[in-house]
Amino acid sequence: MKIYYHPPQDTSDTAQPPAASGTPYDTVWNSTEVPTQEPPPLEKVMLAEDKLYVVLAVTLVIWLGLLFVLFRTNRRLDRLEKRLPEEEERS
Amino acid sequence: MLPKYYRAICIGIAVWMTAVLLGAFLLDIPRLNILEHTARNLYFHVPLWFAMMAGFFVSAYYSLQVLRSSRQTYPLEADLRAEQAALVGAAFGLLGLVTGMVWARFTWYVGTGKWWNFDPKQTMAAVQLLIYGAYFMLRSNFEEPRSRSRISAVYNLFAASTIPFLLFIVPRQMESLHPGAEGNPAFSEITAPVMRLVFYPAVIGFIGLFWWIYTQRVHLRLLEEKLNRSSFLTRN
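Protein sequences appear in the order of chains A and B. Numbered per the working numbering, the first sequence spans residues 705 to 795. Numbered per the working numbering, the second sequence spans residues 4 to 239.
In case anyone wonders, no lab produced these hints; they're calculated from the structure. One thing to keep in mind: the hints can contain errors.
Claimed, not checked - Under the rule of at most 25 Å between Cα atoms (straight-line distance), these lysine-lysine pairs were calculated in the BS3-like manner:
| id | chain 1 | residue 1 | chain 2 | residue 2 |
| --- | --- | --- | --- | --- |
| 1 | B | Lys229 | A | Lys786 |
| 2 | A | Lys748 | B | Lys229 |
| 3 | B | Lys7 | B | Lys229 |
Claimed, not checked - Computed from the model, here is a short list of chain A residues facing chain B with C-beta under 10 Å:
| id | residue |
| --- | --- |
| 4 | Gln741 |
| 5 | Pro745 |
| 6 | Leu746 |
| 7 | Asp754 |
| 8 | Lys755 |
| 9 | Val759 |
| 10 | Ala761 |
| 11 | Val762 |
| 12 | Phe772 |
| 13 | Val773 |
| 14 | Leu774 |
| 15 | Arg787 |
| 16 | Leu788 |
All residues carry an ideal CB built from backbone N, CA and C; glycine is no exception.
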């Protein structure tokens, strides 16, 4: 998208300049509040350190999922072991 | 029942994945706008999907073995292996989906609060997981092991045949955030050599992780079945 700037056409020497044309821009923008929204706290944390914590979150998801599987398997193995003495009694 | 040198292979996988982790965080990567450090998620998010596909491939293989076995007997081991491979594969797929959501939420969708983006690959991957979810629901409907194994094996083969379409062909035709999609350069064009150094070993490592968990669960299930049968036979 191109923005074209057309300077005001000044044909006469005595022409009145537009109202704010003498005001330098930096004084105008200095006082103006540029409207921005404060990012939510979660986003502030995740975007810190060049978004390194996003990588941490991804790694944590995988690690916790892995731990879940490991603990579940352990519990099933324990349940299996508990049944072994019963089988020895029967046989 | 377990393959020979099982412990040694598992230790090897653990060492390999530790090396992958170290490389993933310690090696310097090219820093791009928007992505910054999150490019490292490449080493985690993508290999999960490769592990899922490996799992579904193994599951399809054993489903074929189920169908090739005699109709009169119940192919216990092939059936259990098909089920466990699909289960562990689907678990890896679910992790891939969640990691993708977390990555996108804070990288490309900052400020929007959107966790789900209806990206074609993302959506098709969710559909894929639903298809395999239906496989488990189908299995739970049958009490009789023979019919359960055969009918679910047929469904499994159909489900496996959808993988190339849902995960590769459809997403590449549509506009998407993923590499290789309409308007995006392919993965091979944009991945820096230093990242490939960690990425390819990560794929191998995650498939190794899948294998570890899968063989452990198969062993567990076979032991359970053995105990079930012996207790059934000795019951008077």
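- Broken hints, numbered, in rising order? Violated hints (numbers, rising): 2 and 5; every other hint is consistent with the structure.
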